[in-house]
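The chain contents come next:
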Amino acid sequence: MAATESAFEYAIEVEHLVTHYGARKILDDINFSVRQGEIMVIMGGSGSGKSTLLRHLLGLHRPTSGSIRLLGHDITQLSADQMYDLRKNMGVAFQGGALFNSMTVGENVELPLREHTRLDDNTIRIMSRMKLEVVNLAGFEDLMPAELSGGMIKRAALARAIVMDPRLLFFDEPSAGLDPVVSAELDELILTLRDAMNMTIVVVTHELESAFKIADRITVLDQGRILMSDTAAAVRASDHPRIRALLDRTPRSDAVDADAYLERLTREIFRA
Amino acid sequence: MRDRVEISTRKAGEYDWLGLSGDVDMHAAPQVRKALLDALQGKNGLLVDLAGVSYMDSSGVACLVEAFQTARRQGSRFALVAVAPPVLAVLRLARLDKVFTLYATVDEALAGGR
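Chains L and U are the protein sequences, given in the same order.
The numbering of the first sequence is our numbering, which starts it at 1 and goes up by one.
The numbering of the second sequence is our numbering, which starts it at 1 and goes up by one.
Please keep in mind that the hints were generated in silico from the structure rather than gathered at the bench.
Even glycine gets a Cβ: it sits at the ideal position worked out from N, Cα and C.
One thing to keep in mind: the hints can contain errors.
Stated by the list, open to error - Far from chain U, some chain L residues (derived; all Cβ distances over 10 Å):
| # | residue |
| --- | --- |
| 1 | His20 |
| 2 | Arg24 |
| 3 | Arg118 |
| 4 | Thr123 |
| 5 | Lys131 |
| 6 | Glu133 |
| 7 | Ile153 |
| 8 | Asp195 |
| 9 | Ala196 |
| 10 | Arg267 |
To be verified - Quick partial rundown of chain U residues pointing at chain L, CB under 8 Å, derived from the structure:
| # | residue |
| --- | --- |
| 11 | Met26 |
| 12 | Ala29 |
| 13 | Pro30 |
| 14 | Ala51 |
| 15 | Tyr55 |
| 16 | Asp57 |
| 17 | Ser58 |
| 18 | Glu66 |
| 19 | Arg72 |
| 20 | Arg73 |
| 21 | Gly75 |
| 22 | Val90 |
| 23 | Leu93 |
| 24 | Arg95 |
One chain only, chain U, in its complex shape (with noise of 0.2 Å):
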């Protein structure tokens, strides 16, 4: 059995900031995607921190997909950070990579908001 994933929340200049560690597989991924979907309550923009992920599968993927379009929706801001190249390889494989917004560490995202 793989690791279970942990995760934590802050704030980050004006935004949420929801950390990622371990393994987001389909064991992980109800919790992660309820977490995510809490943190996008106070609709103040989310960044999703991935550089604690050593591993996520599809499963972990659609839980950003449908965060993401949550955020859209309500119009708040949502992007993802360090994303480690196994994971961008899972996400260039559904071409998301050129759907999500990518920042390579919390200070070029909190600089690319402004």
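Next up, chain L with everything else stripped away, as it sits in the complex (with noise of 0.2 Å):
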């Protein structure tokens, strides 16, 4: 798999992908890519589809239509057993951390390397400290999650994400609860690892402040359509009436769709 990787421009491809939960349309022919070693934040209001972009591109989910390809591999042709050598390459930072309660941190993150590899144990367990190191948890491997402040947390899910040092990484919510400095602290990590590791780094966000600070670019979502995907001036510069609605935090007054929202509500009730 590694012998195509710098064969192409792009680390990830969406094309025209649509999606469902049951019949309503969440994602609407999303278009976007992301170049080799750059930082994209999708970015968009609560409901707008940002999260449901990113299962996808975990390969969590199978979209009705489209195709997304990362590191060249489309991802919704693979085999089960094509998808977990694809994963190796891909580290996941998931808003709430998902760490396993019952480990401890450095059990955490040494699972990846236990999982996927066949190193030795030295080899294992100092990797996992280096990336404790990286995220500022120097010391705490030996504490359980439920000993943990919500910014180490996250700082232990990322050092979990970045111990097989991976080609793709994937952060969700970064900011999301943090205070002011320990959001700048993952902000500046994220710019850093980007940097050392040459890593393709997608962030989804609601925060504009961490959104404008890392992005090499943004994919703005609402409602299930990207507004925009552009460099972070272009997108402050824009003047979209949505993508303003959403930088000047402005409240949205949609038009409500009469039919659509009452076939919603009474679909099985009323069939025709």
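Using the supplied hints, reconstruct the complex from the two chains, each of which is provided in its own coordinate frame.
Shown next as structure tokens:
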């Protein structure tokens, strides 16, 4: 799988992605791409579809239609074994951390190495402790997740996400629920990882300050559609009313499609 | 699949010298670890020459850390030579550039040991 890694410009290419939850269309003709070594921020309000897009990029959901190419492989066409191999090149830091509560912080961080490699036990321990150093959690490897603060959980999850030196890193809401100082530290860390490891990084966030600080480019989602996918400067200068509403934090007042709304509420009741 | 690593050894002055070239990744790390620990058996001090290393991931760095600590415990010298910028970036990520002793050339390393 590694042989073709440098042969393409884009680490991620999404084309005409459409997905539904039940009858409801959540993502509608999504097209965007992320260059190798680039930080792409996916931004949007609650319900914009950004978390659903992330879950599709991770291969956790199959789309209704469209393609998702990661490191040159269309993951909508991969077998379970092929997806398993590709995931060795992907790291994910979930919003809530998703640490295993019955395992220590160190065991959580070591887990991908024990699952995917046959490295010596000493090498695994040193690698995981190095990554805890990187996220400023040195010496915390023997604590249980329940003993960590919110910011520490996010950093431990990040350490686990990068322990395999992934080519692709996905980070869901790194700043949510954190104080501004811890949030700024995580932003710096994301930039450092991009520069030191040449990682391609996708960050999903609704935190504007964080988005503009770290993004090479920003994709703005709204109601399942992409409003814009461009440089941070271009997004900041946009005069699109929905983007301005997001940036200026104005409450939305959507026009309501009465037919669609009533259909959703009464679908099983008034069958034709 | 990346090219496997090449490992060579010789004497450099009073020290043992171990040269690595190619990509030091998770496939190569077990072989590199064994070579480093074997080279420390002589307890002459070890210069690890990374001039030929084009890529090193965290597993390779972890092997260097274990070897360095082994050398310290036996009271032997351990230094890295000709660390290329991509490898240095990986070391810097965990601030290990401030932990290892680094030299640009073998001659500098030999002079630095006197």
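Okay, the hints, checked on the actual structure:
The claim that L/His20 is not at the interface with chain U holds, since no C-beta of that chain comes within 10 Å of its own (minimum 39 Å). For L/Arg24, the condition that its CB be more than 10 Å from all CB atoms of chain U holds, with the nearest at approximately 43 Å. At the 10 Å boundary, the C-beta of L/Arg118 falls inside the reach of chain U, the nearest C-beta of that chain being 7 Å off. With a least CB separation of 5 Å from chain U, L/Thr123 falls inside the 10 Å interface cut-off, contrary to its annotation.
The beta carbon of L/Lys131 sits about 7 Å from the closest Cβ of chain U, which is not more than 10 Å, so the claim that it is off the interface is violated. Taking the minimum C-beta to C-beta distance to chain U, about 5 Å, the non-interface status of L/Glu133 is violated against the 10 Å cut. Every CB of chain U is more than 10 Å from the CB of L/Ile153 (nearest about 21 Å), matching its label as outside the interface. Once the 10 Å rule is applied to beta carbons, L/Asp195 is inconsistent with being away from chain U; the minimum gap is 7 Å.
A beta-carbon of chain U comes within 10 Å of the beta-carbon of L/Ala196; the shortest separation is about 4 Å. Listed as outside the interface, L/Arg267 is consistent with that label: its C-beta sits roughly 51 Å from the nearest C-beta of chain U, beyond the 10 Å cut-off. Given hint, U/Met26 at the interface with chain L, holds; its Cβ is 5 Å from that chain's nearest Cβ, closer than 8 Å. For the restraint placing U/Ala29 at the interface with chain L, the shortest Cβ-Cβ distance is roughly 6 Å, inside the 8 Å limit, so the hint holds.
For U/Pro30, the interface hint holds, the least distance from its beta-carbon to any beta-carbon of chain L being 6 Å, beneath 8 Å. Violation of the interface hint for U/Ala51 is found here, the shortest Cβ-Cβ separation to chain L being roughly 20 Å, above the 8 Å cut-off. Of the supplied interface hints, the one on U/Tyr55 is violated, with its beta-carbon coming no nearer than about 10 Å to a beta-carbon of chain L, more than 8 Å. Below 8 Å, beta-carbon pairs count as interface contacts, and U/Asp57 has one with chain L at about 4 Å; its hint therefore holds.
Given hint, U/Ser58 at the interface with chain L, holds; its Cβ is 5 Å from that chain's nearest Cβ, closer than 8 Å. A least Cβ separation of about 5 Å between U/Glu66 and chain L falls short of the 8 Å threshold, and the interface hint therefore holds. Look at U/Arg72: its Cβ only gets to about 14 Å from chain L, farther than 8 Å, so that hint breaks. About 13 Å separates the beta-carbon of U/Arg73 from the nearest beta-carbon of chain L, more than 8 Å, and the hint is not met.
With a least beta-carbon distance of about 20 Å to chain L, the hint placing U/Gly75 at the interface is violated under the 8 Å criterion. The beta carbon of U/Val90 is positioned within 8 Å of a beta carbon in chain L (closest approach about 6 Å), and the interface hint is therefore held. Because the beta carbon of U/Leu93 sits about 4 Å from the nearest beta carbon in chain L, less than 8 Å, this interface hint is met. Because the closest C-beta pair between U/Arg95 and chain L is about 7 Å apart, less than 8 Å, the hint holds.
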